[in-house]
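The primary structure of each chain is shown beneath.
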Amino acid sequence: MNAAPSRLSHRTITQIGRYEAVDLHGIDKDLALTLYSQMLRLRRTEEALHREYHPAEEMRCPIHFCIGQEAVPAALSALVRPDDFMFSHHRSHGYYFAKGAPMRELFAEIYGRETGANGGKAGSQDISHSGSHFYSGAILAGAVSIAVGAAFGFQHAKTRQISISGFGEGATDEGAFWEAMNYSGKKRLPILFVIENNRYATFSDQLKRQAEDNIVERVTPFGVRATQIFGNDVALAWRTLHTEISRLREGDGPVLVEAYTYRWNSHVGPEDDSANAYRSGDEIAFWKTNCPIALFENKLRLQHWLNDDEKDAIEQEIAGEIAANFQFAKDSAFPTDTDWHRMTYEDASPLADALLGTAAGGNFDHYQADAKLGPY
Amino acid sequence: MARQLSYANAILEATDQAMALCDKVVVLGQLVDTQSGIFGTTTGLVTKYGTERVQDFPVAENLMTATAMGAALTGLRPVVCHQRLDFMIYSLDAITNWLALWRFKSNGKSAMPVTIRTIVGKGWGQGPQHSKSLHAWFAHLPGLRVAVPSTAYDIKGLLLESILGETPTIFVEGRGLYSMTDHVPEQPYRVRFGQAVVRRHGRDVTLVAIGSMVPIALRAATLLEKEGIDVEVLDPRTLTPLDRHSICQSVAKTRRLVVADPAWHSFGAAAEIITSVSEEIGDQLRAKPIRVTLPDSHTPMSMALEPRYYPADDDLVVALKQAVS
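Protein chains in written order, with our numbering: chain A, 172 to 547; chain E, 16 to 340.
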């Protein structure tokens with residue numbers, strides 16, 4: 172049985188060959204089919220967006236497709252509560268779905284329509300859905316830091332909510348990431364850091380940027396409990412995250428889970444970026460062989476929890492949803508409001524209105540010396 | 016005599032009253048929980064409100080700002096305090112890439128009631144890394160409000176308005192102003208953003224003075240009174256929003272404009288104010304507008320050079336005389 176070694180590295184991970192360690196322990200049929208459907212829905216959505224991007228040219232924003240990285244978001248989708256907050260990077264669609272935000276607002280946003288999650292102002296890489304407590308952004312580690320603040324808020328309010336910060340290993344190059352480790356570890360904040368380590372920051376190998384690919388070892392001394400998993404095994408991802416999220420809700424945080432996975436597509440857009448020759452055919456073949464959906468589907472079929480008819484039904488439902496949402500996006504109006512001030516500033520201040528009055532000032536005496544500073 | 020408070024004590028009173036009025040207000044900053052309390056502006060708050068609401072923070076300014084943002088998303092109203100603006104520069108990512116555009120990119124669905132206080136040193140050899148007044152940088156960013164209060168009365172009202180408001184705001188506080196007293200009413204009150212105040216009425220020349228230039232401007236105006244030059248001194252109080260209307264109204268009367276800005280000469284708030292006036296009523300000006308600023312150079316430490324670097328009463332007198340000549 173080919174399982175992942177206890178210490179993972181992209182340098183050696185292809186030695187696993189075909190991963191055969193999918194284990195349904197702790198997962199019942201309903202949950203299994205939920206995880207499977209979530210992965211398939213994300214995959215089919217990304218494939219459809221990828222297919223439609225050119226030559227239609229109606230999605231005029233950078234999209235960072237996450238095909239191949241479906242397992243972690245699917246596992247999270249089955250574990251987060253509606254009142255948890257989730258923060259993602261630019262490769263955001265998986266997390267957007269994981270938080271339960273609606274597909275139609277994603278599609279309309281990408282199409283730059285008024286009905287989009289952000290009225291067409293954010294696009295794929297900056298999308299947020301505040302009703303679902305989902306936020307994202309393209310500047311690495313910025314959202315990681317804001318996620319720390321949400322955890323601060325939850326700790327302050329003494330709730331059982333948690334903050335989830337999803338990002339790639341590229342963000343761990345940033346100083347802001349290490350500030351986040353230091354502070355969340357010191358404060359024992361209820362935050363889950365999920366690294367989807369797909370090896371490359373755009374085209375740059377982690378080991379071109381960092382001396383060692385041992386993030387979990389480096390964060391531990393900060394007081395951040397950390398674990399590595401083979402990130403294409405959705406059952407393992409669910410079990411790991413289930414345990415860690417339960418501990419977080421009991422106040423036993425923070426935690427970091429590093430999931431080794433891979434993006435099948437280019438860094439951004441449907442264009443082929445293989446001219447940069449940054450990854451090998453063998454590596455790509457390994458990860459496609461160990462497709463998170465195929466691995467799990469094989470297990471479900473062996474378990475007799477999924478057959479062709481059942482799969483077809485799931486596929487049809489997803490295809491219908493995607494088609495309807497393309498239509499919704501294309502039928503929606505473009506934004507026309509150009510009140511830039513209103514878009515940018517909140518002029519209302521209801522709390523100040525309720526609590527503050529006015530009071531007259533006096534005459535300022537301008538013959539006062541500057542404050543005398545000392546050495547401090 | 017009406018109740019007097021120093022600028023520093025007015026900050027403390029505003030923060031204290033905001034915390035009393037709203038239990039969502041929290042204070043974050045390095046050493047905010049100590050007796051010295053950011054030059055007296057947070058002293059005693061930890062005793063009154065506890066360590067949950069008054070929290071020291073690691074020396075990690077970027078994370079501090081981002082933490083305030085995330086906390087604001089959960090309903091808190093953080094007040095972030097920086098002992099010196101120069102350290103705050105570490106947080107430019109949080110401010111520029113996230114805070115300023117948060118409302119915009121959420122399509123107005125998500126607010127960021129975060130107040131950032133930052134202090135600009137002046138004197139006693141603060142030197143080039145303890146004295147930069149970068150209010151124009153922040154005022155350049157859409158989505159933020161920038162306050163440059165010059166009096167204790169103003170900073171109390173503006174702070175309360177900001178902490179209990181919905182828009183992210185940066186306060187650039189001149190350290191030299193900290194000991195200056197003013198009449199400060201005891202009750203919590205608001206001062207609106209975007210409302211300039213005429214500190215001295217005059218008819219010959221308009222002097223727009225920003226932040227720590229305000230007392231200097233008023234002194235220069237008083238000196239010129241003896242020479243028969245009647246200076247109107249206008250304090251914008253906030254740069255974003257900027258009360259262009261009141262500034263133009265004053266200049267329309269005096270036909271002459273001098274701007275005193277405690278920041279570098281080029282690409283600054285003074286340039287913005289002169290441009291705004293020129294665009295609106297430039298054809299009514301009777302003299303070339305003048306800006307009185309710091310030179311385009313860094314702050315020297317030496318006590319011999321400091322007074323030559325910072326514009327003082329005399330420099331304003333010269334500029335004002337030139338404007339009316």
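If you are wondering where the hints come from, they were derived from the structure by calculation, not from laboratory data.
One or more hints might be untrue.
To be verified - Which bits of chain E does chain A cover? Going by a derived footprint, with three or more residues having C-beta under 8 Å, they are: (1) 239-245; (2) 262-272; (3) 295-309.
Claimed, not checked - Under 7 Å between C-beta atoms, here's a sample of chain E residues computed to sit facing chain A: (4) 99; (5) 126; (6) 142; (7) 152; (8) 155; (9) 176.
For clarity, every value in this text was computed on a predicted model and none was experimentally measured.
Don't be surprised by glycine CBs; every beta carbon is placed ideally from N, CA and C.
Going through the hints against the structure:
1. 239-245: Violated: only 0 residues of the stretch 239-245 of chain E have a Cβ under 8 Å from chain A.
2. 262-272: Since three or more residues must qualify, the claim that chain A covers the stretch 262-272 of chain E is violated, with 0 doing so at under 8 Å.
3. 295-309: violated (count 0)
4. 99: violated (11 Å)
5. 126: Residue 126/E check passes; min Cβ-Cβ to chain A is 6 Å, inside 7 Å.
6. 142: At 12 Å from the nearest chain A Cβ, residue 142/E fails the 7 Å test, so the hint is violated.
7. 152: Since the shortest Cβ distance to chain A is 17 Å, the answer is violated.
8. 155: At about 13 Å, which exceeds the 7 Å cut-off, the nearest Cβ of chain A leaves the hint on residue 155/E violated.
9. 176: Holds - the Cβ of residue 176/E comes within 7 Å of chain A, reaching about 5 Å at its closest.
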